[in-house]
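Trainee: In case you want the letters, here they are:
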Amino acid sequence: MDTRATRAANESRDQRFFRRAPGWVLNLLMALIIVFMALPFYWVLVTAFAPQLKAFGRPPDWIPLDLTLENFRRVFDQVPFWGYFWNSIKVSTIITVGSVITSTLAAYAFARLRFPGRDVLFVIFLAALMIPGQVTIIPTFIIMRNLGLMNTHAALYLPALINVFGIFLLRQFFMRTPRDLEDAARLDGAGHLRVIFQIAVPLAAPAIAALAVLNFQAAWNDYFAPNLFLTSQDTFTLPVALVELRGRFGGTPTTVLAGITLVLVPVLIVFLVAQRRLTESIALTGTRG
Amino acid sequence: MSANPLPSTSKSSSSAPLLHAGGTRPPAAMRRQEARVAYLLLSPVILLFLTFIAGPLIGSIVLSFFEWDLLSDPTFVGMDNYRLLFEDDAARTAITNTLVFAFWSLVLHVVVALLLALMIQRTIPVVLDYLFRTAVFFPVIMSWASVALIWNFILDPNFGYFNYYLELVSIPTESWLLSPAWAMPAIILVDLWKTIGFTFIIILAGLQGIPAHLYEAARIDGASGWRQFVDITLPMLSPTLFLVAIITFIGAFQIFEPMFIMTGGGPLDSTISIVQLIYETGFRRFEMGYAAAISLVVFAVILVVTLVQMLLGRYWVFYE
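The listed protein sequences derive, respectively, from chains S and W.
Under this note's numbering, the first residue of the first sequence carries the number 8, and numbering increases by one thereafter.
Under this note's numbering, the first residue of the second sequence carries the number 778, and numbering increases by one thereafter.
If you are wondering where the hints come from, they were derived from the structure by calculation, not from laboratory data.
Treat the numbers as computed from the prediction; the structure is a model and nothing was measured.
Where a beta carbon is used, it is the ideal one built from N, C-alpha and C, also for glycine.
Treat the hints with caution; some may be incorrect.
Computed from the model, here is a short list of chain S residues facing chain W with C-beta under 8 Å [as the list claims (entries may be wrong)]:
| id | residue |
| --- | --- |
| 1 | Leu-120 |
| 2 | Ala-135 |
| 3 | Ser-239 |
| 4 | Arg-253 |
| 5 | Val-272 |
| 6 | Pro-273 |
| 7 | Val-274 |
Derived Cβ-Cβ restraints for the label pairs, each shown as a range [to be verified]:
| id | chain 1 | residue 1 | chain 2 | residue 2 | range |
| --- | --- | --- | --- | --- | --- |
| 8 | W | Gly-999 | S | Pro-66 | 48 to 56 Å |
| 9 | S | Leu-154 | W | Ile-835 | 27 to 35 Å |
| 10 | S | Gly-254 | W | Ser-1001 | 53 to 61 Å |
| 11 | W | Pro-902 | S | Ser-239 | 47 to 55 Å |
| 12 | W | Ile-838 | S | Val-42 | 32 to 40 Å |
| 13 | S | Arg-283 | W | Glu-993 | 45 to 53 Å |
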């Protein structure tokens, strides 16, 4: 957080909506909200490290001294966790890189080039923003079945290689950035592709990064499509694997919580490092991917 | 952030690239070449659009007039699937559940996020500011799979701490997720916990976009905190609030994971959502035509809401 700027901004807009409440009461309320929001996460951590017989005691043991890794060992014994991790990395990376590339190319064409049918095509794409995933999922399921792509990762990433929202976002960004540099490069004889990758893309880096973060996060967390298309456990991604760890694989509660911890800790670390950029890109784009 | 997703396309035509002066070829040839490049750049998304968006959309519409179990040949049934939709108790339950969820989700998200944003929009210790933002926002980036499983445990009478503390202060407890009366409220609150950070961030950005001089002027005029809120904050924030309400409703209308993972739609179908109904109808019972018809109803609702947003948004909210 840019704390100093935040503070200054807050002070000048200090509108005293909660005028009658003294500041410390509100601060205490905020502290309680922090606890309420963070407690489930802390509880997962504590319980995942607790010996199976001591977990879930009454009252809950918030500061356990008796820690163990047995729950994590059980996760790795019961399921090929690293395989799931790899599957998630693979699918999310393909979706992110692929959709960012297709969106950039299309956005550049819409923003910078003149061709017959451009505006009509763009409006059609915009209209597609309104089509929810559920409407296309049944025919998509049939397509994947006919192509023999059931239980493959291609069934997950092929439909995700087009991201209409991303095209729209990047096009808006290109429209706002000056084109002088690109024009100069074109005059010097650079081809369109060279202009895109050497000038337009570096200039649009903030928007592209924001889009990539949102796409990766959405792909990493997706449950609907993997749950639908993946049937054998060697193809599972992490969210499906977690749910199956509880169900099909009959993991004990502490084992499941250890699995959740393994999934959450990397996310938490990335989040704490990239929090500002992430919240900014969400505020900027108004989407959670 | 724009409350209206439709950008003006007029600007683009006036600022199209014109490099003819420096080119050696005649303008017509250059234009042709430019168009060729454009189509080349667009070809991946056009292909994907036809295969995975336009094609399936048309497919769903066609399919909704057929009965097909994926094995035997499809039979044309006319409007039967749509007629069934109005008579089917399961469909009525799912639609009611989804509307209830969407309504409470919308109201709670907007009100709570606004209160949270106003709460942090004061002069407060930097540490508190940081921790508050972090704690409120973190669940947004967690997967629904993790969140649903975690709350499954927390709300469980045997494993979780929730009931323990309620009993400590003598509040009657339940097996929340096993009770037809309580499962939906529980899921609404879990969803609030998970996604409020998203609404919070957007409303906070909206609040910070309100020019400070408006408040300064109001303070000089001696306007109370409440008056400032009603006369400055609310009207200036209305585009953001409206956008947030629409986004929340559209998202809530497509809710699936929390119910599917936490309760499986039960108990007694009390939490089954429309999307889960599509899932069960299409992929468990293989009634592809009926599932397609239900999915088109979801589409129709979202289309209407989006159009209302685009039309009403222009007149209804205050833009500076």
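Trainee: Each of the hints needs a verdict: does it hold here or not?
Mentor: Right, here's what the structure says about each hint:
no., hint, verdict
1, Leu-120, "holds, 4 Å"
2, Ala-135, "holds, 5 Å"
3, Ser-239, "violated, 16 Å"
4, Arg-253, "holds, 6 Å"
5, Val-272, "violated, 11 Å"
6, Pro-273, "violated, 11 Å"
7, Val-274, "holds, 6 Å"
8, W:Gly-999 / S:Pro-66: 48 to 56 Å, "holds, 52 Å"
9, S:Leu-154 / W:Ile-835: 27 to 35 Å, "violated, 18 Å"
10, S:Gly-254 / W:Ser-1001: 53 to 61 Å, "holds, 56 Å"
11, W:Pro-902 / S:Ser-239: 47 to 55 Å, "holds, 52 Å"
12, W:Ile-838 / S:Val-42: 32 to 40 Å, "violated, 50 Å"
13, S:Arg-283 / W:Glu-993: 45 to 53 Å, "violated, 28 Å"
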